[in-house]
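J.: Use the sequences and the hints to build the structure in full.
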Amino acid sequence: MSSRDLILGRVRRALADGSGEDGAPPEPGPEDGDSSYEQAVGRSYLREHGARSPAETVDLLAENLADYRAIVHRATEEELPDLVARLLDRRGSRQVLVPPGLPSVWLSAADPAPVDDLAGSTPGELDAVGSVVTGCAVAIAETGTIVLDGGPDQGRRRITLVPDHHICVVRVPGQVVASVPQALGRLDPTRPLTWISGPSATSDIELDRVEGVHGPRTLEVVLVSAD
Amino acid sequence: MSGTFVGMPAFPKAAHEAVNNTTLRGNLRHATHTIRTKRAKAVAEVSDWAELRDAGKRIKDHTLRHLDRYLVQLEESVTAAGGVVHWAADAEEANRIVTELVRATGESEVVKVKSMATQEIGLNEALEAAGIRAYETDLAELIVQLGEDRPSHILVPAIHRNRGEIRDIFVREMGAWGRAAPEGLTDTPAELAEAARLHLREKFLRAKVGISGANFMVAETGTLVVVESEGNGRMCLTLPETLISVVGIEKVVPAWRDLEVFLQTLPRSSTAERMNPYTSMWTGTTDGDGPRALHLVLLDNGRTDTLADEVGRQALRCIRCSACLNVCPVYERAGGHAYGSVYPGPIGAILSPQLRGTASEIDASLPYASSLCGACYEVCPVAIDIPEVLVHLRERIAQGGPVTREGNTVVLRPARGHAAERAAMRAARWALGRPGALRAGQRLASRTRRFHPRTLPGPGRAWSGSRELPAVPAESFRDWWQRTRGGKDVTK
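For the record, the sequence lines run as chains A and B. Under the numbering used here, the first residue of the first sequence is numbered 1, with each subsequent residue one higher. Under the numbering used here, the first residue of the second sequence is numbered 1, with each subsequent residue one higher.
In short, the hints are calculated from the structure, not lab data. Backbone N, C-alpha and C define an ideal beta-carbon position, used for all residues, glycine too.
Rough simulated footprint, nothing fancy, chain B against chain A, three-plus residues with beta-carbon under 8 Å:
(1) 42 to 48
(2) 149 to 159
Listed next, with one range per pair, are the computed distances between beta-carbon atoms:
(3) E63/A x L469/B: 53 to 61 Å
(4) P402/B x E38/A: 34 to 42 Å
(5) A109/A x E202/B: 34 to 42 Å
(6) R52/A x S371/B: 38 to 46 Å
(7) D227/A x D287/B: 34 to 42 Å
(8) E202/B x P100/A: 22 to 30 Å
(9) E63/A x P470/B: 51 to 59 Å
(10) A55/A x E310/B: 51 to 59 Å
(11) E202/B x D227/A: 42 to 50 Å
(12) E183/B x G92/A: 21 to 29 Å
T.: What follows is the structure, given as structure tokens:
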């Protein structure tokens, strides 16, 4: 007998006592859009915590990002290129990683040499690059989280991991949701997803939070609005 | 489970030694109290905590109830997304599968994300025996690995070490494993974190094989989820060419949407954060992004045996947040090592004896490693009634009875050492079923109460050694009721 059959057989025998939620034998699950699973789960929790206007939701995002030591900036679309240029200049990076679909205007005022996100680059080569600029898929106000899904303006997962400085542009209020449930509804599970809440940190020394381990130690988030 | 803990003394003996270690007690008190206050604050921020907790419990219960179907669905989804699914009935089989997969890549070293499942099966030791070096990359796991130590906490395996001890371990050991600790390293946490960054960087950048666990697996989509803080997880999950994830079968959830519950409750319960710094989600493989080969090893190793126990199966709801450790008065004083398992604390006291059985002295003693105060149940984000399971396991150890081991029903004999307890219970049952005998006994006890000893003789001595014997009243309740007609005639 294969281990697969062995384990599934053990599971079925273990469940043969019939003491299910309703004592009934197994019924179809969520893939059939049926009621037994939804009934069993009974989601009485909130879709979001509190009622906020779009502007207030963006304020909450800024507050929570900053609380976990991300550096938050605000700009209009017009101001964005200059702001990005200033941030890169202040950092002193000589090169900046660029995902393939990053709007070219974002870096139009920047000095550092752009480095393309190539499939053939080695992690060691990426390690030599100081900064990376990306967009995001969605941002979550209640938790101060930005989510990347590998879209054209975000690139491969590794480009936002190996460089020590990440500038992430969030279009507000369009890309901002209030809560985790709302964010999951917007995301596509077939894409590789990275949820980022502040710079890399650890609680491993005496259960106290310290920022800065393996991921980018500086996370700058630019909240960019149309006007 | 892991061979690391073979031959551990029973909990009372190990705990007795641990409580006399004042450094250990100081470290644990400091760490658990820090996180306790913060967790309470993080939980109080969400007004619907009770509803989230209830939903988490229900999702897990529903999944366990239909576990066979969700596992098959998960296998289909992962396979369709480009992953390869393996099934491992026990630790040995899981280790063999992983070893063969690593060998097939031709590599002799791997980088690892912190994972309870691979700790449980003793994967590092198995790989080492096959000539493959496994590098732990989580900061606390690194401290444990470099110090040739054992983990003592689910979330922070090196919780028993303070910053000074960590500095000493780094200075002494890092050189032998790769890049040495920086000159003049101090014990400030930021410098220690920097030392770990420098030490592990070269290993991440050259790694060809990564090994992980997963916090969640979504049956509907085939998505695997790893929740972490440092970025070591992202390094191991995205830079290598081959990723091997070893995951317990109870980690499956039915739907993508179910993550909305656990991604709210897990970070707040474990690190007391609104959200942990990094969460990675991957579904099979993606062209041009991350590993080209994904292997998922589904691990039983005692989980189906636990599932067969109608009371004990709720332990499988556990999402490994470690909130129960941080509030436990016994854990705070005895420390994690005394539990003799990678799963210490209250959850370990109900998980280890179910995953491993109660044949060893340490496993048979674990259900007693609790004062049944219930703080663990209160903080559990999936509402595992740990005290209920502890009492259930105690009963099984004292009285014996049927249990499932490796899929077969076996009948446990009543444990030795509980004979006096059983005799006392038999006597109580006899007396409580015979009102006349009970009354005569109560009167005799009342009249002789002046002569009662303050400690019990014989096998009862250990029990009364740490407890006050209850005082026997001058008159039993029933006699008082009869004499005064239930208190109406108070003058008598």
